[in-house]
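Asker: Modelling step: build the complete structure from the supplied sequences, incorporating the hints.
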Amino acid sequence: MIAVKLIPHLLSWFGIVLILLRGFPKRRSVVIATSIAGFVIGVVGAFLLLRVLTGSVGFVIITSVLGMCFLFLWGVSVAAIYSRAGRGVTTGWGVRLVSTPLCAGSVTAISGIVAGAVCSCTLPAMDSTLMNLAMLGSISGALAYVLAYAALAVEKRISHSFTVSPSGMISAVVALQLFSSSSIIRLDLFSPLSMKVMKFAHDFVHQFMESMLIPDHVFVWSYLWRYIGLLFGKEIGFWGGMFIWFTPVLLVMCAVQYERLPSVAHIRQGAERRKLLAAAIRQRRLRLVVPFIALLIFTAAAYQSCYPNVEYWDPKPIVVTATSSGEIIIPMKSDIDLEDGKLHKFLFKQGGKEARFFVLLGPAAKLTVDLDACAICKPDGYGQADGTVICYYCKTLIPLETVGKPGGCNPVPITFTEKKDGVHIDALTLINEWTNTVQSTTKGKEGGK
Amino acid sequence: MKRLLRLSGNLLTSRFTSPVVIGFFLLLYIGVAFFTEEALITQMELVRQSAVLVALLSLLPLNIASRIVAEMLRYIERRRLFSGTAADNESELFDETIVLAVSPAITGLQERLDGLGYRTYQTERSLSAWRGVSIFPARVLFLSGVFCLFLGILVSLVTRTSYRGPVIEGVALPTPSGNGGVVEQIRLEKSTGSILSKQLSMEVAPARPGDARVSCGIYPPTRYQGSFVYPRFLGVALLVQFSAPDLQKGFEKHAILNIYPAGKEAAVEIPDSPYRLMISMAESGDGSDPYMTGRMNFTCKLLKGNEMLFAGNVPGGGEFVRDGFRLAFPDFRRMVITDFIRDYGVLFVWSAAILFGASFLFWLPVRLFFPLRQMLFIRHGTDMIRACSRTEGKEKMHGGVFNETLDMFDAGRVERKTNLG
Numbered sequence: 001m002i003a004v005k006l007i008p009h010l011l012s013w014f015g016i017v018l019i020l021l022r023g024f025p026k027r028r029s030v031v032i033a034t035s036i037a038g039f040v041i042g043v044v045g046a047f048l049l050l051r052v053l054t055g056s057v058g059f060v061i062i063t064s065v066l067g068m069c070f071l072f073l074w075g076v077s078v079a080a081i082y083s084r085a086g087r088g089v090t091t092g093w094g095v096r097l098v099s100t101p102l103c104a105g106s107v108t109a110i111s112g113i114v115a116g117a118v119c120s121c122t123l124p125a126m127d128s129t130l131m132n133l134a135m136l137g138s139i140s141g142a143l144a145y146v147l148a149y150a151a152l153a154v155e156k157r158i159s160h161s162f163t164v165s166p167s168g169m170i171s172a173v174v175a176l177q178l179f180s181s182s183s184i185i186r187l188d189l190f191s192p193l194s195m196k197v198m199k200f201a202h203d204f205v206h207q208f209m210e211s212m213l214i215p216d217h218v219f220v221w222s223y224l225w226r227y228i229g230l231l232f233g234k235e236i237g238f239w240g241g242m243f244i245w246f247t248p249v250l251l252v253m254c255a256v257q258y259e260r261l262p263s264v265a266h267i268r269q270g271a272e273r274r275k276l277l278a279a280a281i282r283q284r285r286l287r288l289v290v291p292f293i294a295l296l297i298f299t300a301a302a303y304q305s306c307y308p309n310v311e312y313w314d315p316k317p318i319v320v321t322a323t324s325s326g327e328i329i330i331p332m333k334s335d336i337d338l339e340d341g342k343l344h345k346f347l348f349k350q351g352g353k354e355a356r357f358f359v360l361l362g363p364a365a366k367l368t369v370d371l372d373a374c375a376i377c378k379p380d381g382y383g384q385a386d387g388t389v390i391c392y393y394c395k396t397l398i399p400l401e402t403v404g405k406p407g408g409c410n411p412v413p414i415t416f417t418e419k420k421d422g423v424h425i426d427a428l429t430l431i432n433e434w435t436n437t438v439q440s441t442t443k444g445k446e447g448g449k
Numbered sequence: 001m002k003r004l005l006r007l008s009g010n011l012l013t014s015r016f017t018s019p020v021v022i023g024f025f026l027l028l029y030i031g032v033a034f035f036t037e038e039a040l041i042t043q044m045e046l047v048r049q050s051a052v053l054v055a056l057l058s059l060l061p062l063n064i065a066s067r068i069v070a071e072m073l074r075y076i077e078r079r080r081l082f083s084g085t086a087a088d089n090e091s092e093l094f095d096e097t098i099v100l101a102v103s104p105a106i107t108g109l110q111e112r113l114d115g116l117g118y119r120t121y122q123t124e125r126s127l128s129a130w131r132g133v134s135i136f137p138a139r140v141l142f143l144s145g146v147f148c149l150f151l152g153i154l155v156s157l158v159t160r161t162s163y164r165g166p167v168i169e170g171v172a173l174p175t176p177s178g179n180g181g182v183v184e185q186i187r188l189e190k191s192t193g194s195i196l197s198k199q200l201s202m203e204v205a206p207a208r209p210g211d212a213r214v215s216c217g218i219y220p221p222t223r224y225q226g227s228f229v230y231p232r233f234l235g236v237a238l239l240v241q242f243s244a245p246d247l248q249k250g251f252e253k254h255a256i257l258n259i260y261p262a263g264k265e266a267a268v269e270i271p272d273s274p275y276r277l278m279i280s281m282a283e284s285g286d287g288s289d290p291y292m293t294g295r296m297n298f299t300c301k302l303l304k305g306n307e308m309l310f311a312g313n314v315p316g317g318g319e320f321v322r323d324g325f326r327l328a329f330p331d332f333r334r335m336v337i338t339d340f341i342r343d344y345g346v347l348f349v350w351s352a353a354i355l356f357g358a359s360f361l362f363w364l365p366v367r368l369f370f371p372l373r374q375m376l377f378i379r380h381g382t383d384m385i386r387a388c389s390r391t392e393g394k395e396k397m398h399g400g401v402f403n404e405t406l407d408m409f410d411a412g413r414v415e416r417k418t419n420l421g
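Chains A and B supply the protein sequences, listed in that same order. In terms of my numbering, the first sequence has 290 at position 290, counting the first letter as 1, and numbering is strictly consecutive. In terms of my numbering, the second sequence has 111 at position 111, counting the first letter as 1, and numbering is strictly consecutive.
Where hints are given, some of them may not hold.
Between beta-carbon pairs, the in silico distance windows are [unchecked claim]:
1) Y227/A / S288/B: 35 to 43 Å
2) F162/A / N10/B: 22 to 30 Å
3) L347/B / F162/A: 51 to 59 Å
4) L250/A / F34/B: 35 to 43 Å
5) G351/A / F34/B: 41 to 49 Å
Quick list of in silico lysine-lysine cross-link-like pairs, DSS-like style, CA-CA up to 27 Å [to be verified]:
6) K264/B / K190/B
7) K190/B / K353/A
8) K349/A / K420/A
9) K345/A / K420/A
10) K353/A / K394/B
11) K275/A / K396/B
12) K275/A / K316/A
13) K349/A / K264/B
14) K264/B / K353/A
15) K342/A / K420/A
16) K275/A / K394/B
17) K349/A / K405/A
18) K378/A / K396/B
19) K349/A / K304/B
20) K301/B / K349/A
Hints were generated in silico from the structure; no laboratory data involved. In this text, all values refer to a predicted model and were calculated from it rather than measured experimentally. Note that CB positions come from ideal geometry on N, CA and C, so glycine has one too.
Answerer: Okay, structure coming up:
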């Protein structure tokens with residue numbers, strides 16, 4: 001099972017080494033050595049990190065590194081398009097830097113470390129004993145060695161005319177890293193990115209309207225306000241996320257496509273000029289292949305993020321009633337066991353109103369009662385998977401350690417008392433809390449400023 | 001000192017300054033977003049409070065202004081070259097520059113280029129040819145727009161002040177300085193415009209003798225004593241009188257209630273008592289807007305703790321009495337919650353929007369249909385010619401013409417050599 005889970009990560013790693021070998025054609029030995037070393041360091045380092053740091057901190061660190069790689073790609077793509085678009089922009093120092101062994105070694109080592117760390121996140125729970133670490137190091141080293149040399153063998157068989165630009169190389173490497181990480185929901189970048197974009201769009205529109213003194217919805221036609229309301233929905237998060245996700249690789253493709261052709265003014269034979277230009281255009285087209293493949297990989301990663309191969313635990317809410325004193329009492333153990341670490345959903349109805357909530361035993365062995373809704377999204381509810389709960393509306397992952405704490409997309413916590421006979425919740429508080437939350441989030445999502 | 005000045009000059013005119021500064025603020029936003037949900041507002045606050053960040057942000061308009069100057073100088077220099085008034089040319093002003101080893105006659109060339117649709121201008125030592133219209137005006141408009149946008153953001157962030165107050169009929173306008181004229185009337189009417197559904201006007205009497213009467217609308221916002229008047233929400237200023245059997249004294253208060261549109265509730269707390277009033281504007285029976293007509297009825301709920309004692313409708317100017325409770329609204333007036341905003345950055349941002357629009361409208365047809373293509377041939381001594389070419393579009397076609405022209409020179413050279421031989 002583990003081997004099956006590892007296959008996409010190892011294939012991504014193989015692809016990364018292959019691209020790096022072609023990207024640094026004069027530094028093959030450096031690429032091979034640093035890639036193997038980087039991969040082993042990544043596997044062992046992440047293994048230790050995830051076991052030494054409790055909770056989600058380890059995952060946050062690895063996700064942040066992946067985020068930085070993506071930002072780096074953004075920087076590279078902007079620099080690439082800028083250097084193509086601007087007359088008189090000198091990039092000679094950049095070309096010289098890319099061809100140094102230090103650059104080849106650094107890029108390869110970082111890529112290896114990230115790829116190794118992502119692989120390590122799929123490994124089952126094991127103690128970080130010296131023996132286990134040594135075994136992990138040896139196995140990952142052997143795997144990296146085999147895959148790196150396999151990549152070298154494949155790379156030698158690819159035509160020499162098939163070249164890759166530095167920006168194309170970076171885009172493909174980052175695409176493969178993100179594809180690899182998108183299959184692990186706690187390392188996924190696309191969904192959190194969409195959520196952040198949604199929040200940014202909301203804040204930006206609000207600030208923009210206030211700054212430009214644009215009238216509030218009271219004075220604007222409602223049909224028009226509905227269009228403005230689109231900017232507050234999750235669709236803007238998705239499409240904005242797509243824009244940020246794909247733009248760097250598209251910029252790289254544009255940079256390659258619009259590379260200036262060599263000057264032929266010094267050649268006086270028309271046929272020779274055309275031959276030279278045709279060769280340059282052919283080379284340019286070949287350099288487009290790698291960024292195009294990167295584009296496809298980015299698409300696959302986004303798809304994997306939107307439709308993860310994970311089954312969320314999402315039980316049907318059990319209808320509960322209140323006692324005459326207005327309390328909802330849920331026994332610790334009946335048909336369900338509140339302390340089994342799973343999310344248990346309940347539905348309470350009173351006077352035409354209803355509230356959905358769940359009870360969950362957290363990793364610190366403490367019960368928490370929360371609304372099946374957060375303070376910022378539409379109340380689509382939560383599902384549970386792999387040490388997290390997920391907000392179905394914005395796809396944000398909430399680590400189990402933070403469930404029960406208010407703020408952001410966390411489920412809204414409800415005051416309760418834990419007694420011998422079960423969990424006691426005040427029915428009126430629950431209904432009021434649900435009504436307030438749902439009213440404010442629905443208004444926000446449907447166009448309120 | 002000279003080096004420092006040169007460095008500053010390079011920094012200001014560099015094409016990389018703006019992207020780097022924007023990238024920095026983007027990274028700052030991402031960093032802030034790690035720690036707070038309100039990343040944008042926090043970042044704006046950070047910039048306001050930090051002189052370093054303000055200085056960094058001010059690099060953007062400065063850089064763009066320097067770029068406008070630099071590009072204008074380049075444009076003028078290029079024009080001088082084409083008119084033959086410049087002494088020599090800089091190869092970086094062109095896409096391609098080549099020096100030919102022999103000096104062919106330029107005479108036949110002018111007719112040929114004329115025939116290809118190029119306009120030509122010949123001087124003693126040079127021939128320039130061009131076709132199409134330069135996108136330079138669009139470029140200047142665009143850069144000016146960017147300049148205005150960043151300057152507007154900077155000015156707005158650093159200098160914006162905002163003061164919120166209720167504008168009430170019959171009461172002086174609550175300006176930050178406190179010396180606004182009396183609001184004579186607030187009118188809300190239906191609008192037939194495509195964007196605004198309502199028109200609001202607040203008629204303000206002169207504050208001092210000699211001042212003009214002012215009518216403040218919705219958009220564009222009116223300026224009053226240096227501040228933009230930005231109406232936010234509508235409501236009612238209500239004189240509330242309340243007495244209950246268990247209250248020693250009656251309660252009277254001028255309440256500012258944000259209760260527009262009809263049905264929206266606002267609370268009035270009765271101090272030192274368990275009572276609370278929930279007041280909303282009642283829908284009119286005929287479908288008209290009570291705020292517009294001025295015929296207002298108020299729906300009131302009286303709560304004691306969380307328990308509702310009774311609910312009923314009270315007409316503006318009327319009262320409601322039941323079981324020893326009395327609720328009366330002897331006075332009610334239209335009210336607009338209004339922000340008084342002093343922000344000159346807004347003007348720059350509006351200007352930027354106009355400049356971007358103008359730039360786009362100029363750029364699109366020129367770039368698609370009449371991009372500028374230029375050639376310049378300058379004789380150097382008796383046996384050299386320098387050929388330069390530059391395009392703003394349709395590169396392939398122009399490149400073909402340029403190369404064929406050079407071929408023609410070469411053919412002329414060979415022919416001449418043969419004749420001489």
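Asker: Could you run down the list of hints and mark each one as holding or not?
Answerer: The hints, checked one at a time:
1. Y227/A / S288/B: 35 to 43 Å: Violated - the Cβ-Cβ distance for Y227/A and S288/B, about 28 Å, lies outside 35 to 43 Å.
2. F162/A / N10/B: 22 to 30 Å: Since F162/A and N10/B have Cβ atoms about 39 Å apart, the given range 22 to 30 Å is violated.
3. L347/B / F162/A: 51 to 59 Å: holds, 55 Å
4. L250/A / F34/B: 35 to 43 Å: violated, 27 Å
5. G351/A / F34/B: 41 to 49 Å: holds, 43 Å
6. K264/B / K190/B: holds, 20 Å
7. K190/B / K353/A: Answer violated: K190/B to K353/A is near 36 Å, above 27 Å.
8. K349/A / K420/A: holds, 25 Å
9. K345/A / K420/A: Given pair K345/A, K420/A holds - Cα atoms ~20 Å apart, limit 27 Å.
10. K353/A / K394/B: violated, 67 Å
11. K275/A / K396/B: With a Cα-Cα distance of about 15 Å, the restraint between K275/A and K396/B holds, given a limit of 27 Å.
12. K275/A / K316/A: At roughly 69 Å apart (the allowed maximum being 27 Å), K316/A and K275/A break the hint.
13. K349/A / K264/B: holds, 25 Å
14. K264/B / K353/A: Given pair K264/B, K353/A holds - Cα atoms ~20 Å apart, limit 27 Å.
15. K342/A / K420/A: Measuring from Cα to Cα gives roughly 20 Å; hence the hint holds.
16. K275/A / K394/B: holds, 20 Å
17. K349/A / K405/A: Holds: K349/A and K405/A sit about 25 Å apart, inside 27 Å.
18. K378/A / K396/B: Violated: K378/A and K396/B sit about 54 Å apart, past 27 Å.
19. K349/A / K304/B: Answer holds: K349/A to K304/B is near 25 Å, not above 27 Å.
20. K301/B / K349/A: holds, 25 Å
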